[in-house]
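There are 2 protein chains.
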Amino acid sequence: MLENITRAQLKSMTLKELLALSEEIREKITSTVLENGGHLSSNLGAVELSVALNFVFDFPHDKLVFDVGHQCYAHKLLTGRYKAFNTLRKKGGISGFPKREESEFDFYNVGHAGTSVSAALGIAKARDIKGENFNVIALIGDGSFNNGLIYEAFNSLRLLNTRILLIINDNGMSIAPTVGSMHEYLQLLSENDERKQKNARNSSIFGRFGFAYDGVYDGNDLEKMICKLQEVKERLKTESVILHVVTKKGKGYSFCEENPEMTHGISGGNSAETEYSQVLGSTLINLAEKDERIVAVTAAMTSSLGLSEFFGRYPERSVDVGICEEHATILCASMATQGLKPYYAVYSTFLQRSYDEIVIDICSQNLPVTLCVDRAGVSGADGETHQGVFDLSFLSSVPNLTIAVPKDVKEFENMLLFSADFNAPLAIRYPRSGRNLYGSHDKIVCGKWEKLLSGDGKYAVLACGERAITLAYKAAEILSEKNIRPTVINARFVKPLDRDMLDGLNDKFIITVEDNALIGGFGSLINGYFADKNGGKIIKNFAYSDKFIPQGGVSELMEDLGLSADALADYIIENEN
Amino acid sequence: MLENITRAQLKSMTLKELLALSEEIREKITSTVLENGGHLSSNLGAVELSVALNFVFDFPHDKLVFDVGHQCYAHKLLTGRYKAFNTLRKKGGISGFPKREESEFDFYNVGHAGTSVSAALGIAKARDIKGENFNVIALIGDGSFNNGLIYEAFNSLRLLNTRILLIINDNGMSIAPTVGSMHEYLQLLSENDERKQKNARNSSIFGRFGFAYDGVYDGNDLEKMICKLQEVKERLKTESVILHVVTKKGKGYSFCEENPEMTHGISGGNSAETEYSQVLGSTLINLAEKDERIVAVTAAMTSSLGLSEFFGRYPERSVDVGICEEHATILCASMATQGLKPYYAVYSTFLQRSYDEIVIDICSQNLPVTLCVDRAGVSGADGETHQGVFDLSFLSSVPNLTIAVPKDVKEFENMLLFSADFNAPLAIRYPRSGRNLYGSHDKIVCGKWEKLLSGDGKYAVLACGERAITLAYKAAEILSEKNIRPTVINARFVKPLDRDMLDGLNDKFIITVEDNALIGGFGSLINGYFADKNGGKIIKNFAYSDKFIPQGGVSELMEDLGLSADALADYIIENEN
Numbered sequence: 001m002l003e004n005i006t007r008a009q010l011k012s013m014t015l016k017e018l019l020a021l022s023e024e025i026r027e028k029i030t031s032t033v034l035e036n037g038g039h040l041s042s043n044l045g046a047v048e049l050s051v052a053l054n055f056v057f058d059f060p061h062d063k064l065v066f067d068v069g070h071q072c073y074a075h076k077l078l079t080g081r082y083k084a085f086n087t088l089r090k091k092g093g094i095s096g097f098p099k100r101e102e103s104e105f106d107f108y109n110v111g112h113a114g115t116s117v118s119a120a121l122g123i124a125k126a127r128d129i130k131g132e133n134f135n136v137i138a139l140i141g142d143g144s145f146n147n148g149l150i151y152e153a154f155n156s157l158r159l160l161n162t163r164i165l166l167i168i169n170d171n172g173m174s175i176a177p178t179v180g181s182m183h184e185y186l187q188l189l190s191e192n193d194e195r196k197q198k199n200a201r202n203s204s205i206f207g208r209f210g211f212a213y214d215g216v217y218d219g220n221d222l223e224k225m226i227c228k229l230q231e232v233k234e235r236l237k238t239e240s241v242i243l244h245v246v247t248k249k250g251k252g253y254s255f256c257e258e259n260p261e262m263t264h265g266i267s268g269g270n271s272a273e274t275e276y277s278q279v280l281g282s283t284l285i286n287l288a289e290k291d292e293r294i295v296a297v298t299a300a301m302t303s304s305l306g307l308s309e310f311f312g313r314y315p316e317r318s319v320d321v322g323i324c325e326e327h328a329t330i331l332c333a334s335m336a337t338q339g340l341k342p343y344y345a346v347y348s349t350f351l352q353r354s355y356d357e358i359v360i361d362i363c364s365q366n367l368p369v370t371l372c373v374d375r376a377g378v379s380g381a382d383g384e385t386h387q388g389v390f391d392l393s394f395l396s397s398v399p400n401l402t403i404a405v406p407k408d409v410k411e412f413e414n415m416l417l418f419s420a421d422f423n424a425p426l427a428i429r430y431p432r433s434g435r436n437l438y439g440s441h442d443k444i445v446c447g448k449w450e451k452l453l454s455g456d457g458k459y460a461v462l463a464c465g466e467r468a469i470t471l472a473y474k475a476a477e478i479l480s481e482k483n484i485r486p487t488v489i490n491a492r493f494v495k496p497l498d499r500d501m502l503d504g505l506n507d508k509f510i511i512t513v514e515d516n517a518l519i520g521g522f523g524s525l526i527n528g529y530f531a532d533k534n535g536g537k538i539i540k541n542f543a544y545s546d547k548f549i550p551q552g553g554v555s556e557l558m559e560d561l562g563l564s565a566d567a568l569a570d571y572i573i574e575n576e577n
Numbered sequence: 001m002l003e004n005i006t007r008a009q010l011k012s013m014t015l016k017e018l019l020a021l022s023e024e025i026r027e028k029i030t031s032t033v034l035e036n037g038g039h040l041s042s043n044l045g046a047v048e049l050s051v052a053l054n055f056v057f058d059f060p061h062d063k064l065v066f067d068v069g070h071q072c073y074a075h076k077l078l079t080g081r082y083k084a085f086n087t088l089r090k091k092g093g094i095s096g097f098p099k100r101e102e103s104e105f106d107f108y109n110v111g112h113a114g115t116s117v118s119a120a121l122g123i124a125k126a127r128d129i130k131g132e133n134f135n136v137i138a139l140i141g142d143g144s145f146n147n148g149l150i151y152e153a154f155n156s157l158r159l160l161n162t163r164i165l166l167i168i169n170d171n172g173m174s175i176a177p178t179v180g181s182m183h184e185y186l187q188l189l190s191e192n193d194e195r196k197q198k199n200a201r202n203s204s205i206f207g208r209f210g211f212a213y214d215g216v217y218d219g220n221d222l223e224k225m226i227c228k229l230q231e232v233k234e235r236l237k238t239e240s241v242i243l244h245v246v247t248k249k250g251k252g253y254s255f256c257e258e259n260p261e262m263t264h265g266i267s268g269g270n271s272a273e274t275e276y277s278q279v280l281g282s283t284l285i286n287l288a289e290k291d292e293r294i295v296a297v298t299a300a301m302t303s304s305l306g307l308s309e310f311f312g313r314y315p316e317r318s319v320d321v322g323i324c325e326e327h328a329t330i331l332c333a334s335m336a337t338q339g340l341k342p343y344y345a346v347y348s349t350f351l352q353r354s355y356d357e358i359v360i361d362i363c364s365q366n367l368p369v370t371l372c373v374d375r376a377g378v379s380g381a382d383g384e385t386h387q388g389v390f391d392l393s394f395l396s397s398v399p400n401l402t403i404a405v406p407k408d409v410k411e412f413e414n415m416l417l418f419s420a421d422f423n424a425p426l427a428i429r430y431p432r433s434g435r436n437l438y439g440s441h442d443k444i445v446c447g448k449w450e451k452l453l454s455g456d457g458k459y460a461v462l463a464c465g466e467r468a469i470t471l472a473y474k475a476a477e478i479l480s481e482k483n484i485r486p487t488v489i490n491a492r493f494v495k496p497l498d499r500d501m502l503d504g505l506n507d508k509f510i511i512t513v514e515d516n517a518l519i520g521g522f523g524s525l526i527n528g529y530f531a532d533k534n535g536g537k538i539i540k541n542f543a544y545s546d547k548f549i550p551q552g553g554v555s556e557l558m559e560d561l562g563l564s565a566d567a568l569a570d571y572i573i574e575n576e577n
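The listed protein sequences derive, respectively, from chains A and L. Counted from 1, the first sequence has number 566 at position 566 by our numbering; the numbering is strictly sequential. Counted from 1, the second sequence has number 347 at position 347 by our numbering; the numbering is strictly sequential.
Heads up, a few of these hints could be off.
If several chains are the same, the list does not tell them apart, and a pair holds so long as it fits within one copy or across any two.
[Said to hold, decoys possible] Dumping the calculated DSS-like pairs for lysine-lysine here, alpha-carbon to alpha-carbon at most 25 Å:
#	residue 1	residue 2
1	K16	K443
2	K290	K130
3	K233	K130
4	K28	K224
5	K458	K474
6	K83	K11
7	K458	K233
Rather than coming from a laboratory, the hints here were simulated on the basis of the structure. Note that the structure is predicted; figures quoted are calculated from it, not measured.
Chain A on its own, in the form it takes in the complex:
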């Protein structure tokens, strides 16, 4: 029924048919995600809500903005993407996130938390300016609702003098359970105790900002949702409404219902590699044992960042602030002013939210905060909004910041040991996982690189990070068959550069390799280093060219983007001839 469903068919369905449709969607999501990886339990929870929204509203005339986008699968299946759905998260396939390029039923691209209310307001305001008439809906989970952007958007609702429907889908979870007072308030609104609930409603925070609040309803009750949305659609003609619904994360798939955090994101990949996050967790526990100043801060990703055990062991020295990356950064900076030694662990893509606070709060004050930048480099199936390929670029120009990139998990451990005594801002960036150990593992000295392979003196490969070093080794293997021996250097500090080693390089060709954007990254620092030296060197940068990187497998993407051992070897061979 779902496969070829038209809007007209959907609109004319009976409740019974819609319920059957919901089951079909649920099955399709489950089977696809178990195969391809993706966000399972959040999407399962939003099935009935998505069916009801598509039944009641007139998309694409009306507009729907998702927050983060971990709830958009059912909407995709209902809007023409059933047949292609088996390509979910694959190269060239259906995106795991809303994507305007993919369908006219996707209205706003998302990936980072808290943007939906602002985006819905902008779309509604544009509608008003253009004198058009349609409904604008933002759908947000309670996890994203912690983000400061929500408050900024709320604050301007009356100012913008427009109308939107905001649906809070409250499942009590970000990826981890939702934390913070706003979450407690949402819970209060859902209280069984009628007196408490009434009290919370009468003094609705939302009313202060100009929203009419309506809740709490069971978002998995399809009939109820349809009635409610029809009613709210009428109210939208005159006012902005918050509809507060509660859904069960992982609904309909008992393993998910019981393990919502574990099944939030299902990885399609192999797990033969060691996760850098595990090394972070265990090393930080060891360090914290000896050093009482060490504290760990996360923004709603404690488990994925490898810090669950640390949090269990040192609850008084651990803070998960929810999806509040800016606040987390300032907490670290301010704790450091008091002599503590904070570690802020975060995915590269989400660190982008902290850019200003890294500049002003951490680095302009030269405070000893360590940024543990996980999922750096191409991150794969989540696509454009989640690739961690900009961190070296936006971090490298920040004064006072030291930037380290480990060659493997063991070196990552050594870098963490190094960080413990390092009394200034430090960022360590690493991919999700790695497989190999390279060379020996000496103590880390700030700004000192390591020569891994000695070459013939014509080609020096400066490789930054495990993925780059893997390529360099493989290229060296290919080249050895042609009797070409490049020097391979583990450029483990992007800042400061190892000037002694650079000065000693007599090779004509300097080749940089990194899992980061070309512009502003490691290679560009090397270009700058040699720019005014009249050495006649030729520098070739292997890095990502100036484009957003779509979804796909990590190796597949790297190869497509010109980061492969073959490309590296070919460049050298070409210059031999």
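Here the structure of chain A is known, so what remains is to put chain L in place on it, guided by the hints.
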């Protein structure tokens, strides 16, 4: 009395003496700011509050965190900086903002809005972890209170399980009058109508987050403030408190009281130059006349950005969202999805807050939003937290973004005309003001540079932006006396580079000049351009080295940092010999 006041003397003063002291402070602030420039009316409003805080609390044992820092002058005068106060905002002098390096009575460096509650919470949490015992106070104006960071911090108060005092100094102004629902709520709390006020208090938003709310009091009433703070100090032993006070911006200086926006910041500099902001305002009005899609968005700086008249003329197409840079960016992106043509005008330093939204919302969706980046380059007397020297670095690696830098105000106008038909993300960065017009003024073509002076073929100076071009012209003048003629190029697009022109440069020496950080800026793109070409070129970058730039005059700082016509000419002369 103020000049040599000790903590002990202050603590033993009578109310009458303290009142006299306040007057002395007010006079000192006024006379100094009229001489040196600085933030006048916000500081005048906070005199009694600062005296009371210093009388009641035990600094530096207790800690005080300012938000933004436009209210810190009285605190500085009370804590050992009277004698040096005539150096306020001067090179090497007293900072206009709290600065830890300057005094043990400055606890946290600030400059951008909304950080104080997070910082106070971090300091308080560190205190708890270390088992120490002191009071932590955050002082915030109602303007900063709009920022999303506040919500993120509020949300984690209970989570952190700590105690702070938050003083909201409500003067109804950011720099412009404060906007938004939170401001309306603060006003409601100050209502004369007792029923309304009581209703607002009973349902205090702040209570939901775990603060005990106490207000509203006259913050200019010294006696009242002392009593209140003494009372609150007791309460702080068991709970977190919000103390809501109302002060008069510009208090005690009638011109300021009547013109708080105009006197928020007093410029110490000359005004013989043309402000780029004026050009923005008038050009955008002309464009908007013909193009109904054009909308303008600001974050609390409408007047300083030159957009007051635009806002008056097109109120329905203008939005000032308050100090909410992230939200402003998403509003622009989302309005653009509906076919509008948004211009987001913002200071370079504050654009840092929007980095993630520029990447994800504007550029990954390739939407035609124009960023008008004012106060780019060294901005002068506000110091480290306000220099606009990172924008080229953090923007240049963002895919899909075109970056333009006008050579003068007339070219800025032409770039705005260009922007009107440009259907992709665009950033135009410019300093506050300029004096000269350079060369002819042709129509702007994307990625095309302009040759201003033709040289001998040995030295090509690629100058980016008016300040760089001014230096290049002056250097050319110096060099002409030695019969050296460099080519001078107006590199008006940082992205895309003018590859045709670059390919045509046969000069051995390529010299880049820009009013931006060296790392990741214009020069680094040029280094990258030539890196793998075996042309034996020597490239010299004139830009700011990897350090935070302190306060000082613009020209003075540029010269100190090696950006001067002499340095440029000297480099060339050295290479001649």
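If the cutoff is 25 Å on CA atoms, where do K83 and K11 land: within, between, both or neither? Let me know, please. within (20 Å within a copy, 77 Å between copies)
I want to check one pair: K458 and K233. Are their C-alpha atoms no more than 25 Å apart within a copy, between two copies, both, or neither? neither (70 Å within a copy, 70 Å between copies)
Measure nothing new, just compare the shortest in-copy and cross-copy C-alpha distances for K28 and K224 to 25 Å and report within, between, both or neither. Within one copy only: 24 Å inside a chain, 67 Å across chains, cut-off 25 Å.
Can you give me the call for K290 and K130, within, between, both or neither, at a CA distance of at most 25 Å? Classified as between; 15 Å across copies, 63 Å inside a copy.
Classify it for me, K233 with K130: is the Cα-Cα distance of at most 25 Å met within a copy, between copies, both or neither? For K233 and K130, only the intra-copy Cα distance (21 Å) is at most 25 Å; the inter-copy one is 54 Å.
Quick one: K458 to K474, C-alpha cut-off 25 Å, is that within a copy, between copies, both, or neither? Within one copy, since 18 Å is at most 25 Å while 42 Å is not.
Please sort K16 with K443 into within, between, both or neither, judging by C-alpha distance up to 25 Å. neither (67 Å within a copy, 64 Å between copies)
Going through the hint list in order, the structure does not satisfy hints 1 and 7.
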